[in-house]
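Enquirer: Join these two chains into a complex; the hints should help.
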Amino acid sequence: MLSRIAESLFWIGRYVERADNTARLLDVHLNVLLEDPWVDEPSANASLLSVMNCEYEAPVSRRDVLATLAFDPERSSSIAWTLGAARENARRAREVISTEVWESLNTTRNQLPRWTASARPHEYFVWVRERAAVVWGLHSATTSRDDAWHFMELGRSLERADMIARLLMTRHFEGTTGPNWTTLLRSCSAHEAYLRTVRALVTEERAAEFLLVDRMFPRSIAYNLQKAEDTLGLIEGASNSRALSDRARLALGRARTNLEYRDVRDVLDDLPGQMREVQSACAVASDLIRDRYFLPASTVLWSQEAL
Amino acid sequence: MTADQQTPWTGYQPVQAWDEAVDLEGRVRDPYRRVYAEIDRMSGEDLYSRAEALASTYLAQGVTFDHAGEERPFPLDIVPRVVGAHEWEIISPGVAQRVRTLEAFLADVYGSQHCVNDGVVPRRLIATSQYFYREAAAVDPANGVRVHVSGIDLVRDQHGIWRVLEDNVRVPSGVSYVLSNRRAMSQMFPDMFGAMGVRPVLEYSQRLRAALARCAPNDIDDPTIVVLTPGVFNSAYYEHSLLARTMGVELVEGRDLETHNGRVYMRTTAGRRRVDVIYRRVDDDYLDPVAFRPDSALGAPGIVHAARLGNVTIANAVGNGVADDKLIYTYMPELTRYYLGEEPILPNVDTWRLEEPDAREEVMDRLDELVVKPVDGAGGKGVIIGPKASREELDTARAQILEDPRGWIAQPVIQLSTVPTLTDDGLEPRHVDLRPFAINDGDDVWVLPGGLTRVALARGQLIVNSSQGGGSKDTWVLGGERQRGVKTPPPESRVELGGIGAVPQAAHPDDIEHGQQQQQQQQQGEPTC
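Just so you know, the protein sequences line up as chains A and B, in that order. Residue numbering for the first sequence follows my numbering, beginning at 1 and increasing consecutively. Residue numbering for the second sequence follows my numbering, beginning at 308 and increasing consecutively.
Chain B extracted, bound-state conformation (with noise of 0.2 Å):
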């Protein structure tokens, strides 16, 4: 290549942060050379057709998301994220880890509450959570499983860790992008994709569906399973349908059930019909009128009772967000070590707790270089990034936290690592966070190869939620086994191609014979020409 010569990747250059594609010296990273070299064989034009074809796709197909009452295409970023073989050994146990401790944390906090006379963590703590349900307390799910499904998000620092950066327990939402996202680019890079050993991720659906079963109450043999959705204008629709489509379940709102005599049952054109396991997609507020908000117009009265009886199975399980609770993230190393007596895999993002005096106090001072959240908030919605907020948000931040410090955390600003992403002027490093989706079927936790990465489409931003402008890219694991590379196959591997084609197609009696003749014409014309 002459260095006149214009690719896609002419004027590529990481900024500060760890960049996954490009070292600083430009050298391409082993995980990517496939990607770069595939990329850089294109015109520019070319990557922006192929972007434009993969969101046309995409709109055909309905993938979107509701923003602010409008239905909108999910960005999804022609440039794929791909995760090293050897990187996935380390954030699969990882996560599956974290799972089993967050499983073990939730069956202590909702029973016996060792982990506070041990004086692990401090009983305020959990007392003062806002998603700490009495309610909830002394339901034993049926095997055991609280966290059936949970999306565990990851960032990479400016050294190339992998740490956990919050940990969503309750209603984690993106596994459809994946699995709509691996369709999309598989159908527009097939060679890469094939020639690269890309471990895929459409066995998801058949592992929830698993999963679910296996948590029915009675060890029922062939449960009805439903997945509850809050219904269309939900932001979210998408993946509801889609998961429950991919199941093989029915799609269920809070008016489509009904409880008697402590059972549920969905209406259906043939009456009623027996619900055992619930996957629901509405969070704890909104689950039932009668346990949780009286208003509440997407639950169903009573299924909060029936769990409790046990004829029913709520998954996630109701109570869940107390240990997501991102000041309870702050003691997951030495939970880790309580309950599994093991070193955490993935480290945390370091944190102050600011109801700590001191380091409420040291957290005062540097509040410009810092960020703050809030420790329930979801989607990015309260965060502030100190270096970039305004002197008044700064004030007003300060006032919230001394108002109420158990409500807010405050972590370094971590430049997250950064991904080559098409933008108006070609391919830039944009940052990217990963979530993998872990399905917990009560003997194993099972994790997602691959997972949601969320990119933020502005340069320099640092939240990635869709709510806030974000995008995704579909994320390749590699180290998936292929069999396509032997060269000569042993006899014995050959397919079998008796039986195929063995019945000859039919056809329209004239039309064999008008061709045949036709043939025939030909052949004897051959000799004189």
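With the rest of the complex left out, here is chain A (with noise of 0.2 Å):
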């Protein structure tokens, strides 16, 4: 596969995932901001647009949230932009995806500019949750195996690893108590599939255990995390310079097992900075991604001075 298409692909991955689920996301702290009656609302707002890393002027407003993070098109860290920048990557990589999904991820974009800050902002994130549905069952339907197939795996569950440390950090805001357990399980959609596994009320620990380590749940941080190095072994195959995509298995290796082989009281203890190991292991494996896959070595650059 060449090397430029299977960079769109992994973005398609990780932009979809990632729309996906800061919808996911703000839909929790719309509902905290609702519920808990002594929140102060200017730092949970200014505390979520720092974990997702964007910049802000305080006091942040509810409107500066949904703004930033779900409406604006100009703002890379919205989810319109990022459903946007998918289309524009499947636009790249047109010939290797399928039509379905091409044509799913561009009807997105389409309807993007119908969602205005004036609705309801629930419905929204239930439209983007459904479109992100609908790509992702079409990928799964109609594409073979291979590099096509691994690569934007990859970057779904790299982002989903990211992105549910990234939830899971919203339990220590400023200014607000944050959302309980049950309403962080019903965000990744873990409820049912907790009470199944776990066949008791929701406690502190149990619920922690099931989101960050849970081998059979496919929202768990620890379960992506294996998924990426999986996968990474899938795209290596056979071939023996393993030595870029060890780097990055092993980074993601270290953040699994540190969840795994750890009290989850010790990490409960310090969620917030468990959570930037998890977020910052993810970086550094889609740096290394990247070099090993995306700019191969042997680049020869045509410079004009030569002439």
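Read the hints as simulated data drawn from the structure, not as lab findings. Each residue gets a CB set at the ideal place from its N, CA and C atoms; glycine is no exception. Wrong hints could be hidden among the right ones.
[Unchecked claim] Listed next, the stretches of chain B that the computed footprint assigns to chain A, with coverage defined by at least 3 CB atoms under 8 Å from CB atoms of chain A: (1) 358 to 368; (2) 555 to 567; (3) 570 to 580.
Expert: Written out as structure tokens, the structure is:
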């Protein structure tokens, strides 16, 4: 597969997953603002923007949050921009992805202008999650399990691990007690799975364990880190030059084992710090993947001066 | 039909040009009979709603072209253009003959230049052509083909005669719209489409792939073919990706290619992979910064050298532009006789060569009634239509021509034929041209039955290019053979259904029992009521 195409596929995976999870995260956040009677809204909003690594000017209103993270197509942090970027990448890789996936991404982009901040945000988030589900469904139904599949899955699982780590950080926002664990489980579509697995009421340790290290649930951090590692192994296949890809797997594996082989209480006591670790491991892995697959070392550039 | 009943055709009136659907007395011409009847049955609203549905499918599929940095859906008109079978009998061999002539001319120009020595074409003309590249001289393409793909623009004049307006043998574009127009239109008018015996166009990609495979260097069995695109910002990017997708080959940009030891490779996630055939959609000038413009970021350094070494085939060949120079165009009839010993099937449009003093003088006197064109222009750029131009435009044109007579030609204003087109005011005649595409695989020139019909959407507008606000129509060439009309099929042709449906579809056992029980209960209950 062409390096340029692989890069586009990787980013389609990341962007679609990012849009989906940003919608979940915002939904939780707006819910907290409604339910928490003692909430200090500007600080909570500021915390959210800093978790999402956005610049902001205090005080941050609800409107600012929605513009920055949901609606403003000019800002790279917003869902609108992310979905547009996914479509642009799909256009670049048009001949590799299936027509169905392309049309679903293209239609999503075309429908974006319908949604403005005046509509009920919750409906928008539902729509975003639905569109993401459509893309994933079609992708899974129409793509051969070759490199085209692997690179998109790689981007997707990295992004999901990263975004769930961000979501868990909302527990420690300034100015609010944050969402309770039931809300968090719900926002990850994990509540029913949790109840079936744990067969008990939601307690902090059990819920955290489920979202951090459950090996079966597809939205736990460890599951996604493991999947990214496995996918890297599949991409590399039988070839022997494994150094760089191994470094990416190293970063991911270390982050995963750090969560898996640590007492959950320890993790909870330092939740923001631990979640930052996960995020930086994902970032490091992403950079290593780029160096390994998207910018081949043998790049020869034509320089004009050589004439 | 009573007189007061409104149909979409009410008020349709051909103008002075040749209308392909209706003649001046209002009689429907033969090929259009079926289309006319079908539209006649619809209400105006129905027609508009179908047109809207057509536009929205195009938007969803992303069938767009870039205009002034913005992605726009390519306007497709709802009324198809129909070309009768007997007309195609003229066009198809005519285009093929044209391509064979161009091929022979290019081989000669970049070889021993017999046509110059025999005095058919002045040497000056070739040497001054902006697109004559010495870099391409004495390069022998693998199977002798330089014009793998060509688009020969045809128009129909006031008398209904098909004429060649220009030859495109560099990187002719538009074929993707032929393919996607057909897909959209056949969904829109399935019955009509089936009944008329429209000849299919979808084999184009297979034909192109086969032709590209055959031109691979050194008889490679399973050559690696790539489509080279300038990138997503190119106006024809949609076409490049569609061709790559339907041929099942990689779509590459210049930065994906690299040259080592005169061989071309593409960069993949699994290292370098050798490339044998490049179907390039990048202009000569930008193709290779080593050979041509050094500031080009679109091309791949070294590929022209690799082609010269015979390690890669570039399709279409470098330097083809000398053949579609509009001054060479004026020599085409003679060249056909010279190379092929045949009379040209399709005539040219009468053209004045402005470098000849007598012709120039005449044109200068009649500039306000003629069309003048730059010889190297494409996309309708720089064309001045005398009767529509202002005094200043004419004066500028006059000055430009006197300064560089080699750079211009003049032609009489041709009233391009018209085809009914849906506008805001209902169906109206609009001017069209036709670009059939031809593929040369070395043995045979195949002409795609159909081609791109471009339509000028503004009333009276004679320039049809999409960059000038033109749209397109699906072109239906009649005469496809169909099995459907046969009433009683002979017994031996009956489809064998043995084996189909033999394995029952399984279902959840509970559901089956439940369903059967219900059925039984119903049957039991029946006698009592």
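Enquirer: Run every hint past the structure and note whether it holds.
Expert: Here is how each hint holds up against the structure:
no.: 1; hint: 358 to 368; in the structure: holds (count 3)
no.: 2; hint: 555 to 567; in the structure: holds (count 7)
no.: 3; hint: 570 to 580; in the structure: holds (count 7)
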